[in-house]
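Trainee: Single-letter residue listing:
There are 2 protein chains.
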Amino acid sequence: MGRRIKPAILKGTRDYLPEDAVRREFIIDRLKKIFRKYGFDPLETPSIELWDTLGGKYGEDAEILIYRFKDHGGRDVGLRYDLTVPLSRVIAMHQDIPKPFKRYQIAPVWRADSPQKGRYREFYQCDFDIVGSSSLMADAEILAIVYESLSSLGFEDFSIRINSRKIIRGLVEVSGIPIEREHETARIIDKLDKIGVTGVLNELESNGFKKESIKKIEKIITLKFESNVEAIEFAREFFKDSESGSAGVEELEQLLEFIDILGVPEGNVSVDLSLARGLDYYTGPIYEAVLKGVSLPSVSGGGRYDGLIKIFSGRDFPATGGSLGLERIYQGLIDLDLLPDSLKTHTHVLVTVFNKKFMKESASLARKLREEGLNVDLYLGKKNLRAQLGYANDRGIRFAIFYGPDEMQAGVVTLKDLKLETQKQVKINEVAEIIKEAIYGN
Amino acid sequence: MGRRIKPAILKGTRDYLPEDAVRREFIIDRLKKIFRKYGFDPLETPSIELWDTLGGKYGEDAEILIYRFKDHGGRDVGLRYDLTVPLSRVIAMHQDIPKPFKRYQIAPVWRADSPQKGRYREFYQCDFDIVGSSSLMADAEILAIVYESLSSLGFEDFSIRINSRKIIRGLVEVSGIPIEREHETARIIDKLDKIGVTGVLNELESNGFKKESIKKIEKIITLKFESNVEAIEFAREFFKDSESGSAGVEELEQLLEFIDILGVPEGNVSVDLSLARGLDYYTGPIYEAVLKGVSLPSVSGGGRYDGLIKIFSGRDFPATGGSLGLERIYQGLIDLDLLPDSLKTHTHVLVTVFNKKFMKESASLARKLREEGLNVDLYLGKKNLRAQLGYANDRGIRFAIFYGPDEMQAGVVTLKDLKLETQKQVKINEVAEIIKEAIYGN
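Which chain is which? The protein sequence lines are D and S, in order. Counting in the numbering used here, the first sequence tops out at residue 1330, every number present. Counting in the numbering used here, the second sequence tops out at residue 1330, every number present.
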């Protein structure tokens, strides 16, 4: 223990000091409340998965994307890359889980590639999936959760863009693209937000797609519609000769009706025929949610993936779900100034200590206030009252209590409200109520 | 995506299916509430730390205990082994954090060595520490948190064994053991619970400790006291020639007075002069909490470690803290049958679907009940009503609602209470209140 260790942290990872951590807890608690409201229960899976489980699904990219190492028994393992693959593994290993299975999991995932601005090597995903239902009402509930999650956090101006992978397959069909290039097509279209229309068209061309095919795709990715009805009308006509496309249109219509029943306002949902989602495993409705007025990637995304679990279980399990990105949501709340000022600490009040001789009296008072339901910090340092007040202020604690010899004699405390910058003497038995009133009453 | 992947999990790691996960959430929520009550705020640190941070503190054992790997930039990293070292690193990197700093962190840690019965490669620690206070009131608050955490979870018969590392140093002094063998002595005595008195004495002998020294240690580890007062009286006499020992006795006396002020019952605390704790970094009061009536290792442990942070910061920071083991607490709650039966799911009620044609009506009802504050699962599968009831039962959902054509006509629902095995027709507008009353009212 002799040598000094230079304190440092791995690039792409972060510490969250109390103010940030309190706010992250606030967001997570809100999300859990919504997930539970829709009948979801939690699932926990280990951070470390066998390489066979992780590697299979991402192909060549797996080596780049996943932290891989050997355990001390020589087993090939890695840190999970997402929460969907672990869910699929769990479904396969525990086939007796009652279905439909509605689960949420809020947990870190890891990406081993180089971190970029706004992208981290360790970050939280908040996933909610329904396994074992092929009903479009399941997809509708996923969208309702996205809507409620974002609006319960205070976001108003956001859009949930929806499409169906069947529409993308329809586009491949009507564009005369060989069906085996469907995933490739989807992955290129998925880059639209990043590289723009010209970028997508160039990439299609350089990948050898035919001129007529590219024309069709260009049409779909450049069109703008006034309303979802108009988008559906257009798509019905455009995809009328494609079985997949027509099925996709029908799916979207039904989905719009279902989310209306569940209370999702029309203004927060827009049919976007160019939405593709990068991952190969989607099979039905897909979505992405974007906040308006901020420059952030989508804060939520997901869709139906009826084939994925079969890779693990050998059995078909229809599944649909979504993921909310904790870090991006947090950034959005900060950028739009939607977090309450008081959300910096859980502590309601600091009980100061007049001087060392009065530690017992202050401790006894702290105990009383804790028993009365307050979160109470008792000052445990060595500084004077003025510095103790500074400490309360630095931590964002709203109230401070002085309890010196004069107060003791009179059976009162001096209560200081650091927010309103007021102070008054109150009876010991009344102080807890006064603080609660101030915190919860308005 | 063609090949089938055999679903498996790394030995020593586990999945927590909903029933377990709901209960783990319950425990964590209780603990957070207590931590906050004492003025603690959360801190989050990354799972991956630089090897320099992790490796330095554990010496040769580090290679065996820690999952180590290289990131893609060739940096030497590992998964955190505990939450104390990351805290120390944070304190060193962010010296402007207001102090005393009271933080909690509830998060997984990893151990790479072979898993044994009841020991896992990935498990949760619930840590609470106070950095920047040398006051024994800080140690007292740590013990008060341990007491409140365990009792708020329903445990009654448990003992918080306390001692001081100064007593152990005193024992080294009065036994004529060279002071440089203090840590070695502590580590051997720490094995008492595992290998018994004879085991400890044998190990001391085979490690070349002198007969007279072993005799002194034997006395301390075999003595039983009727009360804490008696233990203190004995220790005062036994350690009267040792400066450290005497300081330790004084420390324990003061600590007992302080925890009494904070409301910790005497019956749950016992002075144990043989308690050593294995880690080298402790410097003052140390403790371990054990549940009675179950065969489990200690569910909580900790103590004062005034020197640790200096390794990272070059500056002295007094610190004290504790850790509660989530998995052991859970096991204790199970073994003592202390968990409420209803604690299996967050879902209050299942809205069944009469048949596919009535999905919209059931969805609309589910929405209404959600808006009225219930956690509602809407059945999304394809099975008949009888099977839907079985599904509610399997998930542990207490209520099920039938809403078929007859009910719709009459403006009622049929509400089935699966716990009381009753059913009745109730008006749609009254059903939420009836369910809330049943769940929260008794």
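Note that these hints are calculated values from the structure, not bench results. Treat the hints with caution; some may be incorrect.
Which copy is meant is left open, because identical chains are indistinguishable; a pair holds if it fits in one copy or across any two.
30 Å max Cα-Cα, derived DSSO-like pairs, lysine-lysine [to be verified]:
| no. | residue 1 | residue 2 |
| --- | --- | --- |
| 1 | Lys-1082 | Lys-1244 |
| 2 | Lys-1244 | Lys-1232 |
| 3 | Lys-1324 | Lys-1099 |
| 4 | Lys-1198 | Lys-1180 |
| 5 | Lys-1245 | Lys-1112 |
| 6 | Lys-921 | Lys-1248 |
| 7 | Lys-958 | Lys-1104 |
| 8 | Lys-1128 | Lys-1304 |
| 9 | Lys-1256 | Lys-1103 |
| 10 | Lys-1307 | Lys-1256 |
| 11 | Lys-1103 | Lys-987 |
| 12 | Lys-1198 | Lys-1270 |
| 13 | Lys-1271 | Lys-899 |
| 14 | Lys-1128 | Lys-1232 |
Trainee: Against each hint, give a clear statement of whether it holds in the structure.
Mentor: A quick look at each hint next to the structure:
1. Lys-1082 to Lys-1244: Neither way: Lys-1082 and Lys-1244 sit 61 Å apart in one copy and 41 Å across, limit 30 Å.
2. Lys-1244 to Lys-1232: within (28 Å within a copy, 48 Å between copies)
3. Lys-1324 to Lys-1099: neither (69 Å within a copy, 63 Å between copies)
4. Lys-1198 to Lys-1180: neither (37 Å within a copy, 47 Å between copies)
5. Lys-1245 to Lys-1112: neither (74 Å within a copy, 35 Å between copies)
6. Lys-921 to Lys-1248: Only across copies: Lys-921 and Lys-1248 sit 24 Å apart there, 40 Å inside one copy, limit 30 Å.
7. Lys-958 to Lys-1104: For Lys-958 and Lys-1104, the Cα distance exceeds 30 Å both inside one copy (48 Å) and across copies (46 Å).
8. Lys-1128 to Lys-1304: Cα proximity of Lys-1128 and Lys-1304: none, with 71 Å in one copy and 47 Å across.
9. Lys-1256 to Lys-1103: For Lys-1256 and Lys-1103, the Cα distance exceeds 30 Å both inside one copy (74 Å) and across copies (47 Å).
10. Lys-1307 to Lys-1256: Answer is within: at 23 Å inside a copy they meet the 30 Å cutoff, but 39 Å across does not.
11. Lys-1103 to Lys-987: neither (44 Å within a copy, 64 Å between copies)
12. Lys-1198 to Lys-1270: between (63 Å within a copy, 19 Å between copies)
13. Lys-1271 to Lys-899: neither (36 Å within a copy, 51 Å between copies)
14. Lys-1128 to Lys-1232: Neither: 55 Å inside a chain and 49 Å across chains, both beyond 30 Å.
Checked against the numbered hints given earlier, the structure breaks hints 1, 3, 4, 5, 7, 8, 9, 11, 13 and 14 and satisfies all the rest.
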